[in-house]
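Novice: Residues per chain are reported as follows:
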Amino acid sequence: MARNEWPLFEVFIRPKNGLSHKHAGSLHAADARMALENARDVYARRGEGVSLWVVPSAAITASEPGDRESFFDPADDKVYRHPTFYDIPPEVKNI
Amino acid sequence: MYTQGLDVKSDSDRAPPADTPTGPEERFQARVDAEEKIEPRDWMPDGYRRTLIRQISQHAHSEIVGMLPEGNWITRAPTLRRKVALLAKVQDEGGHGLYLYSAAETLGASRGDLVGDLLSGKAKYSSIFNYPTLTWADIGAIGWLVDGAAIMNQVPLCRCSYGPYARAMVRICREESFHQRQGYEIMLALSRGTDAQKRMAQDALNRWWWPSLMMFGPSDAQSAHSAQSMRWKIKRFSNDELRQRFVDATVPQAEFLGLTVPDPDLAFDEATGHYRFGAIDWSEFERVLKGDGPCNRERLEARRKAWDDGAWVREAALAHARKKEARAQAAAA
Numbered sequence: 140m141a142r143n144e145w146p147l148f149e150v151f152i153r154p155k156n157g158l159s160h161k162h163a164g165s166l167h168a169a170d171a172r173m174a175l176e177n178a179r180d181v182y183a184r185r186g187e188g189v190s191l192w193v194v195p196s197a198a199i200t201a202s203e204p205g206d207r208e209s210f211f212d213p214a215d216d217k218v219y220r221h222p223t224f225y226d227i228p229p230e231v232k233n234i
Numbered sequence: 004m005y006t007q008g009l010d011v012k013s014d015s016d017r018a019p020p021a022d023t024p025t026g027p028e029e030r031f032q033a034r035v036d037a038e039e040k041i042e043p044r045d046w047m048p049d050g051y052r053r054t055l056i057r058q059i060s061q062h063a064h065s066e067i068v069g070m071l072p073e074g075n076w077i078t079r080a081p082t083l084r085r086k087v088a089l090l091a092k093v094q095d096e097g098g099h100g101l102y103l104y105s106a107a108e109t110l111g112a113s114r115g116d117l118v119g120d121l122l123s124g125k126a127k128y129s130s131i132f133n134y135p136t137l138t139w140a141d142i143g144a145i146g147w148l149v150d151g152a153a154i155m156n157q158v159p160l161c162r163c164s165y166g167p168y169a170r171a172m173v174r175i176c177r178e179e180s181f182h183q184r185q186g187y188e189i190m191l192a193l194s195r196g197t198d199a200q201k202r203m204a205q206d207a208l209n210r211w212w213w214p215s216l217m218m219f220g221p222s223d224a225q226s227a228h229s230a231q232s233m234r235w236k237i238k239r240f241s242n243d244e245l246r247q248r249f250v251d252a253t254v255p256q257a258e259f260l261g262l263t264v265p266d267p268d269l270a271f272d273e274a275t276g277h278y279r280f281g282a283i284d285w286s287e288f289e290r291v292l293k294g295d296g297p298c299n300r301e302r303l304e305a306r307r308k309a310w311d312d313g314a315w316v317r318e319a320a321l322a323h324a325r326k327k328e329a330r331a332q333a334a335a336a
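Protein sequences, first through last, are from chains A and B. Adding 139 to a residue's 1-based position in the first sequence gives its number in our numbering. Adding 3 to a residue's 1-based position in the second sequence gives its number in our numbering.
One chain only, chain A, in its complex shape (with noise of 0.2 Å):
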């Protein structure tokens, strides 16, 4: 990255009230002022939440994309996590 290049943040926001905030996209800002800023100016121009968060991507540790299946495969075999697992009979009802 060139020395005066601004640094990148990434833009997340809550949609509506009660909801959690999301990943919206990325800008570059000098500093987290002018970051929240633009990010509401760039991705909040229609209403589209009620909060942002500005976090630096240099901030952000991310699992690799080549490591996918490897690293997610330990959930893979395990159906006794999910409630269809379990024989109930259909006659016990709230269950």
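Don't read these hints as lab results, they were simulated from the structure. From the three backbone atoms N, C-alpha and C, an ideal C-beta is built for every residue, glycine too. You can take every hint at face value.
Computed footprint of chain A on chain B, listed as stretches where at least three residues anywhere in the stretch have a Cβ under 8 Å from a Cβ of chain A:
| hint | region |
| --- | --- |
| 1 | 30 to 44 |
| 2 | 78 to 91 |
| 3 | 163 to 172 |
| 4 | 182 to 194 |
Given the structure of chain A, go ahead and fit chain B onto it with the hints provided.
Specialist: Structure of chain B alone, referenced to chain A:
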């Protein structure tokens, strides 16, 4: 799993007076009344914050301590199928404790303080985990009754006014949907088994029934924080309402198993459509809550031992991270 109303009324612990509303409190209440969610950076009354930190951390402690009675049977589960299910359930509970501690931290509580309060015995957790798991049938009874009671309590909490708690509860309820079923499946197998297995299932029901009813907390008349928590929409239903729902849902399930609920006063009331049940021994509840249940000391000792034995791991991980950081800085310089 496992939130519980634990607060019995006392003189030193009254709800704040409601007759002196100021500007921000009125606006706050109006938002709550309009079913808006309150988020960490919103203004909130100190009492709301304190109540939530207490309730969410008690709930988190209950998840963590709740791993102990069930963990007791992991190595002795009768089949591999039962073993992996129990492992998955106990693992979920550890995760749920973490979600809840994180929700409490959004209110400004520190994780270290919360854990410290559990280990020192200052903080409460659900009374149900101070009972022993004597037989394999207890694992069935816990899944069926204790998780069943927890579900009654927790589903309304998904609509709690505090956003981070409500969202954690949505995730927890979704993940827990198998917990009660695996317990009932164990009870079903035992109650269709040999005479000895049936007796074991009945014995587990006998011991877990009343403590499960106590999980809903003191009766409405005795509950310290209920009215204010309802106003703040932290709670949606009273302890007695939830207890009644649990009894109504569970008695037919016991009948299907061919087991007898240990309550001679239990009777279906045609007029109301509800089961009437006998008086709860609240002196037992208070005794267990104050530290004199069958396993209180054992549970806290197990948590303290886990904390102390894990100290070197926490220290080593931190030292390793610091060393790596220092090396990276040296390499960049």
